[in-house]
Amino acid sequence: MEFFLESILNGICMGSIYGLTALGLTVIFGVLKVINFAHGSLIMVSMYVAYWAIIYTGVHPYVALIIVVPVMYFFGYYLQDIVIKPIFKAEKDVREPITVIIVTTGVWYILDNLTLLIFGPQYRGIQNNPLRGKMLDIGNMLISVPKLWGFVTAVITAAAVYWFLQKTRTGRAIRATSLDREAASLMGINQFKIYNIAFGIGTAIVGISAVTLVPFYNIFPSVGVLFDIKGFIIVVLGGLGSIGGAIIGGIIIGLIESIAPMFMTATWAEAIVYGLFLVVLFVKPSGLFGVKYDW
Amino acid sequence: MSFLEVKNIDVFYGDVQVIFDLSLEVMEGEVVSIIGGNGAGKSTLLKTISGLINPAKGEIVFEHAPIQTAPPEEIVERGIIQVPEGRRLFTLMSVKDNLIIGAYNSRAEKNVAETMEDVYSLLPKLKERESQLAMTLSGGEQQMVAVGRGLMARPKLLMLDEPSLGLAPILIKDIFRTVREIANQGTTVLLVEQDVKHSLSLSDRGYVLEHGRIAMEGPADKLLDDPHIKTAYLGL
Chain A
698 MEFFLESILN GICMGSIYGL TALGLTVIFG VLKVINFAHG SLIMVSMYVA
748 YWAIIYTGVH PYVALIIVVP VMYFFGYYLQ DIVIKPIFKA EKDVREPITV
798 IIVTTGVWYI LDNLTLLIFG PQYRGIQNNP LRGKMLDIGN MLISVPKLWG
848 FVTAVITAAA VYWFLQKTRT GRAIRATSLD REAASLMGIN QFKIYNIAFG
898 IGTAIVGISA VTLVPFYNIF PSVGVLFDIK GFIIVVLGGL GSIGGAIIGG
948 IIIGLIESIA PMFMTATWAE AIVYGLFLVV LFVKPSGLFG VKYDW
Chain B
117 MSFLEVKNID VFYGDVQVIF DLSLEVMEGE VVSIIGGNGA GKSTLLKTIS
167 GLINPAKGEI VFEHAPIQTA PPEEIVERGI IQVPEGRRLF TLMSVKDNLI
217 IGAYNSRAEK NVAETMEDVY SLLPKLKERE SQLAMTLSGG EQQMVAVGRG
267 LMARPKLLML DEPSLGLAPI LIKDIFRTVR EIANQGTTVL LVEQDVKHSL
317 SLSDRGYVLE HGRIAMEGPA DKLLDDPHIK TAYLGL
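Protein sequence lines correspond, in order, to chains A and B. My numbering puts the first residue of the first sequence at 698, with every later residue one more than the last. My numbering puts the first residue of the second sequence at 117, with every later residue one more than the last.
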């Protein structure tokens with residue numbers, strides 16, 4: 698029984714980290730209406746930034762947030778501004794610009810291979826960090842400490858993003874642009890600047906998720922792919938553009954991954970994840986927490 | 117002296133020309149109606165003034181400055197505000213947030229609370245509804261939010277695109293009364309309408325748009341008496 702509870706708690710913690718990686722994706726999608734295929738690569742880049750920041754300064758992994766968040770914000774901001782925006786402008790009248798999706802796929806390949814070229818294929822991990830391998834002992838249960846930190850970070854980040862979108866001037870402008878681009882323009886909102894900011898925020902959230910991962914996860918050029926597909930599933934499961942949905946969706950995936958292996962071969966857990974994904978698409982295409990509304 | 121002057125513009129949607137060599141002007145403090153049937157190019161004209169579409173030829177001058185190539189956000193900054201056709205509210209945001217978004221431009225942003233008081237006193241219904249999501253309102257209420265949102269931007273020139281569209285006759289009266297009141301408070305209004313009788317009777321001047329060209333223009337009361345308008349638009 699305790700073993701079962703232990704799996705649940707660890708599943709929730711890991712799942713909330715998945716949710717955090719998906720949160721960045723959902724923010725970007727919510728505003729730009731573009732599935733960002735470079736998402737996994739942004740996680741990978743963030744992990745490298747976090748890795749080098751921690752290795753060079755020797756600080757506690759979470760202190761690296763001070764470096765990673767602004768670096769990734771501007772990385773995302775200018776990636777949208779320089780690479781994606783021109784394509785957007787060329788397809789101004791298209792509601793769901795397909796070419797933009799293709800461009801993000803190109804960005805994915807370029808970033809992954811550039812990283813391979815510069816840093817090589819080897820796996821890196823931060824061996825001597827105060828969180829690595831730490832376990833919290835409650836009764837007979839062992840809870841992973843770095844994942845627990847990840848859980849707390851995910852909840853705080855989601856709450857902060859929600860507050861920002863609801864209560865600030867820029868947050869309102871982001872929501873307005875996400876609901877109706879043209880009407881937002883008529884309010885004096887520069888939609889392309891809002892796209893830049895939303896992309897920056899989404900990428901900064903990805904940076905936060907990378908910081909929660911590096912204390913216990915290996916870093917290598919194709920690491921993003923592992924989170925890429927999970928991210929898409931979570932976002933669709935939770936409801937496109939829904940902040941709470943991303944975290945809850947992540948936790949559902951985390952729970953399946955940690956509980957299912959107790960009853961079956963671990964590889965079957967993946968099948969359950971995809972099965973659930975298909976069921977949700979059939980039954981409630983807008984996702985568990987998505988608003989039934991035309992994006 | 118003209119406040120807004122549109123000089124000989126040609127506008128295309130893709131390859132299709134919608135507006136042909138069109139000129140019009142609006143004086144400060146006036147209420148001007150642009151009337152015409154479906155597909156005459158009325159909405160296109162407003163979108164062009166708002167900067168959503170750029171004219172292929174010609175000039176648009178507002179307060180002595182050419183604006184035909186300026187992006188929409190800059191035109192809003194200058195004080196031209198469009199209340200779009202079909203209301204286009206931010207449906208999943210509260211009424212209050214819709215109004216606050218209206219005051220996004222830098223001139224309006226400094227006085228949000230004050231402007232909101234004015235808007236609420238003009239449209240008291242909105243205050244009751246302020247925390248409701250915009251999508252839960254009735255059509256007439258939504259149109260009021262759209263007008264209120266436009267006023268929040270502190271317009272020098274308010275352009276209304278078919279505010280009566282899809283509303284019950286009694287609500288149409290309400291909306292036109294509100295428009296007249298806005299004009300009485302000193303805002304210049306450019307009104308695009310299919311409801312010829314109501315819009316001309318509250319306007320100073322009118323333009324009749326047919327197939328992307330100005331077919332007639334003149335003082336509103338003269339237009340109302342015109343035999344062509346009587347047969348073509350009023351069904352008399």
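To be clear, the hints were calculated from the coordinates, so they are not data collected in a lab. Do not take every clue at face value.
[Stated by the list, open to error] Listed next, the in silico DSSO-like pairs over lysine-lysine satisfying Cα-Cα at most 27 Å (straight line):
id	chain 1	residue 1	chain 2	residue 2
1	A	Lys786	B	Lys338
2	B	Lys212	A	Lys730
3	B	Lys212	B	Lys241
4	B	Lys313	A	Lys789
5	B	Lys212	A	Lys890
6	A	Lys864	A	Lys890
7	B	Lys226	B	Lys243
8	B	Lys226	A	Lys864
9	B	Lys226	A	Lys890
10	B	Lys241	A	Lys864
11	B	Lys212	B	Lys173
12	B	Lys243	A	Lys864
13	B	Lys226	B	Lys289
14	B	Lys123	B	Lys272
15	B	Lys173	B	Lys226
16	A	Lys789	A	Lys890
17	B	Lys243	B	Lys313
18	B	Lys272	A	Lys890
19	B	Lys212	A	Lys864
Checked hints:
no. : hint                 : verdict
1   : A/Lys786 to B/Lys338 : 45 Å, violated
2   : B/Lys212 to A/Lys730 : 25 Å, holds
3   : B/Lys212 to B/Lys241 : 12 Å, holds
4   : B/Lys313 to A/Lys789 : 37 Å, violated
5   : B/Lys212 to A/Lys890 : 24 Å, holds
6   : A/Lys864 to A/Lys890 : 19 Å, holds
7   : B/Lys226 to B/Lys243 : 21 Å, holds
8   : B/Lys226 to A/Lys864 : 17 Å, holds
9   : B/Lys226 to A/Lys890 : 21 Å, holds
10  : B/Lys241 to A/Lys864 : 24 Å, holds
11  : B/Lys212 to B/Lys173 : 40 Å, violated
12  : B/Lys243 to A/Lys864 : 19 Å, holds
13  : B/Lys226 to B/Lys289 : 33 Å, violated
14  : B/Lys123 to B/Lys272 : 20 Å, holds
15  : B/Lys173 to B/Lys226 : 36 Å, violated
16  : A/Lys789 to A/Lys890 : 15 Å, holds
17  : B/Lys243 to B/Lys313 : 31 Å, violated
18  : B/Lys272 to A/Lys890 : 25 Å, holds
19  : B/Lys212 to A/Lys864 : 12 Å, holds
Comparing the model with each numbered hint stated earlier shows that hints 1, 4, 11, 13, 15, 17 do not hold.
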